[in-house]
Amino acid sequence: MGFKNSIIWMYFSSPRNFYPIAGKVIPWFAGLAAIFTIIGLYISFFLAPPVLSDQKEYYVIIFIHVAAAWMSMFIYVVMSMYAFIGLVWNIKMSEMMATALAPTGAMFTFVALWTGALWGRPSWGAYWVWDARLTSELILLFLYIGFMSLQSAIDDPRRAARASGLLAIVGVINIPIIYFSVRWWNTLHQGFSVAPNQTTQLVDPSIFWGMITMALACWMYTIAVVLARVRTEILQRERQTAWVQELVGNQK
Amino acid sequence: MNAITDFFHIGGYGFYVWGSYGVTALFIAIEIYLVVRGKRVITKRLARLGRLNNNANAS
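Sequence lines, in order, name chains C and W. Each residue of the first sequence is one higher than the last, beginning at 74 in this note's numbering. Each residue of the second sequence is one higher than the last, beginning at 263 in this note's numbering.
Since the hints were made in silico from the structure, they are not lab data. Being a predicted model, the structure only gives us computed values, none of them experimental. Beta carbons: idealized from backbone N, C-alpha and C, even for Gly. Among the hints, erroneous ones may be present.
Going by beta-carbon spacing under 10 Å, a handful of chain C positions derived as facing chain W [stated by the list, open to error]:
| # | residue |
| --- | --- |
| 1 | H138 |
| 2 | T177 |
| 3 | F181 |
| 4 | F183 |
| 5 | R304 |
| 6 | T305 |
| 7 | Q309 |
| 8 | R312 |
| 9 | L320 |
Just need the whole structure built from these sequences, with the hints factored in.
And the structure:
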């Protein structure tokens, strides 16, 4: 990384600089999220085939289920990266990003489990089975909950960030377990729909693009809502500083 | 049955499909509400604390 780049990163790592920039980009990401959602839902409900050879109409759950499951894993990886940067280089802004990502990650994990249950019932005949994919995804939900509870249990924000950051980093081991579980073990859960190094597409193109569009919608939504949450976190943690006092209308 | 009721019926699987999409929409709505409210609450609280401090300093 060049000198110029490191200057840019230093600039963004200051909560005071990050706060207004985040505020400016939120409406753009929210707008993109809305557009991708509309396109994604249109593909899912109108363009994708109504039934598959082995799945009836309920398979349309795939579009929200896969997107939510991808997000649940991806957000965890990003969250633990921020936690790692915060832990190693002691960057407050990084710790705050990890904190802001956790609730959205937990929400998507719950949605993945919930939609999975409602898909499992008509297709397997059971809402829940203790299969490797489902169980490891449930553990992911507990990791998010653990991360958030640990933070709220410790009063000092720096100590809270260190303890929960460590948990986040150790927990990252669960991500490859979730992802490869359908390959490593004999699971009731179906295998990859979109696989790495796959030359031929496993699913119909409209299904593939529906999943991709819904995933993009979830990504844009996540960026918007996490930036909004991190702004509140900044206000909370920087409340003693002159710029926050000025922002909320107090003269120092 | 007309096209609209057909659409919501989803071949008899409406409960599972709308249960999935509905709960997702509900969770997203709740999350947005909580984030927006959180920002408002903290801004108000900080402003109030600031006023209290100013009054304490003035008297």
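Status of each hint after checking the structure:
Annotation: C:H138 was flagged as interfacial toward chain W, and the flag holds, the nearest CB pair being 7 Å apart, inside 10 Å. The interface hint given for C:T177 holds, since its Cβ lies 7 Å from the closest Cβ of chain W, which is under the 10 Å cut-off. Look at C:F181: its Cβ gets to within about 9 Å of chain W, closer than 10 Å, so that hint holds up. Restraint check, C:F183 versus chain W: the minimum CB separation of about 7 Å is within 10 Å; hint holds.
With a cut of 10 Å, the hint placing C:R304 at the interface with chain W holds, because the nearest CB-to-CB distance is about 7 Å. For C:T305, the suggested interface contact is upheld, since its CB lies about 5 Å from the closest CB of chain W, less than 10 Å. The closest approach between the C-beta of C:Q309 and any C-beta of chain W is roughly 6 Å, which is under the 10 Å cut-off, so the hint is satisfied. Evaluation of the C:R312 hint against chain W yields a held restraint, the C-beta minimum of about 5 Å falling below 10 Å.
Taking 10 Å as the C-beta contact cut-off toward chain W, the hint placing C:L320 at the interface holds, the least distance being around 8 Å.
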